[in-house]
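S.K.: Spelled out, the chains give:
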Amino acid sequence: MPAPIETEALIIGAGPAGLFAVFQLGMAGARCHVADVLEHAGGQCVELYPGKPIFDIPAHPRITGQELVARLVEQAAPFEPVYHFGESADALERLDDGRFAVRMASGKVFHARVVVIAAGGGAIQPKKPPLRGIEAFEGVSVFYAVKDKEAFRGRDVMIAGGGDSALDWAIELAPIARGLTLIHRREEFRAAPETVRRMRALVAAGKMDFRLGQMRELIGESGALRAVKAAHGGETFEIPADRLLLFFGLTNKLGPIAKWGMEMEGGRIVVNTENFETSLPGVFAIGDVCVYPGKLKLILSGFHEAALMAQKAIGHVQPERHHAFVHSTSSDILAEKLKG
Amino acid sequence: MVKIIFTGPEGKSYEVDAEEGMTLMEAALKNMVPGIEADCGGACACATCHVYVAPEWQAKMPSLANRSEMEEDMLDFAFDVRENSRLSCQVKITADMDGMTVFIPEQQG
Ligand SMILES: Cc1cc2nc3c(=O)[nH]c(=O)nc-3n(C[C@H](O)[C@H](O)[C@H](O)COP(=O)(O)OP(=O)(O)OC[C@H]3O[C@@H](n4cnc5c(N)ncnc54)[C@H](O)[C@@H]3O)c2cc1C
Ligand code: FES
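Protein chains in written order, with the working numbering: chain A, 511 to 850; chain B, 15 to 123.
Nothing false has been slipped in among the hints.
As a list, the in silico SDA-like pairs of lysine to any residue whose alpha-carbon atoms are at most 25 Å apart: (1) A/Lys717 <-> A/Val706; (2) B/Lys44 <-> A/Pro803; (3) A/Lys638 <-> B/Met84; (4) B/Lys17 <-> B/Trp71; (5) A/Lys562 <-> B/Glu86.
Think of the hints as simulated: they come from the structure by calculation, not from any bench.
Chain B on its own, in the form it takes in the complex:
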């Protein structure tokens, strides 16, 4: 089990136990974390699963900043996109993400 912490725009945190290999989006949905809508079910076609990776984790795991061209295109449909923005359906959970925090934006697309 890998512990992931989702923090909402009001600062409320949801600690979830995720399995390796699932995506951040699936972990959020499975645990009913509010604010991740995932309208397209993970097809990278809706941008309603937008999250911000905690900066210290981004620094620790530079690969977290690797967005594919498709994800980059889809982020055009998200709001307030930052350097640490990711579509959570495109991030596969690995063992070394244990304890990672991701922030949920104020509004999904």
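So that you can see chain A by itself, here it is in the shape it has in the complex:
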């Protein structure tokens, strides 16, 4: 068991709210560690709409989700946050000395004076189809993303879905797979028209197959897939495949955090709007995950919430020090950090 990671503040979620919390806590004088289940910062902005322009960020008439996040990361960087990606927060416990122990699903443990939950709508995860026994195949022959193209070389690949990810990967993998079948429930595709045209051209040229249908059963033993049973219009058929890629979009679930003992409402965490503390003193919630009368799920609101949170949280982090509110223009701490 590795030693727990000691930090003044642990931020759960590296979406816009969590990233700006690093800045606000930093300016107040606290060091942060940030954990996110995704492999990169940005939350919904990067995972769900990286290229879409956002029009309601003050002083940015137009900025994409990806650009906004890059700037938030840059703005937080002088405070040297430590990011832990691929880590999903699982359990919270109060220690005898008043600090918190937060355990990740991986087993990693953080000891923190304050915990800031900036988990948005929850962990963003791929949707899993209700196919019996699918867990045994996951990570062995069934995947929700392509990490390494080479893992599909010379394989009988099946891809399920009708959006851009499904079609882009079909086009990309068809030349290196032994055989490739795309399965989708209808003739129409949500994917970009040009992508659909390229996919159909590959089908016409005999470089890949397209089957209409929906999956019913995975056939194979101990994680090794042999075939997929599917159905369409009352007819059932089997398609041989030893690799299956599933693209049914993403879903978010708050998961274990909802059971940490905080007062909740409609699946979100109730906060005091003066300081964004939850019903557990020392645990704060900001961004989409918190709820209060009039709450708007806007990036802007998360920024405001982070600022107020930091004013109160710093008192928990360094109770012995006197903390006065300062502007960024006159913050000694910030000036020192920016000097680098």
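Here the structure of chain A is known, so what remains is to put chain B with the ligands in place on it, guided by the hints.
M.R.: Structure of chain B with the ligands alone, referenced to chain A:
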């Protein structure tokens, strides 16, 4: 009040009194019918409010089979989509639906 019956995958039924003009999804949520998740709150952006309209009702009210293009696209993210599949946030309740049964799938997306 319009009576709507939600039947779960195990066969358990929930009879709810809904108001005209609300959606099937809102009626289900308001009455805590399990199995309708509605993550996106009715924006037709999550497909976690999938239901099957009872075939006899589909036959009686053919308009129940009218899915918009957006709903059809979103149904790609649902599982076991059938002819009588609907996203319940896209179905407005009308007086003539009194007594209608809708079935909840085994799993939402
Ligand atoms: C299509 C779309 C368009 C939008 N357009 C706008 C717009 O124009 N203007 C606007 O202001 N807002 C817009 N929004 C809303 C905006 O994106 C959200 O309000 C914002 O992302 C919320 O930020 P957040 O940091 O609270 O949460 P999120 O962005 O959801 O980030 C939360 C992070 O926490 C992580 N996480 C969750 N649970 C755990 C866990 N247990 N352990 C570890 N990590 C965890 C997640 O992986 C995620 O990265 C839009 C949203 C969508 C989907
Ligand atoms: S509630 Fe999300 S699609 Fe209906």
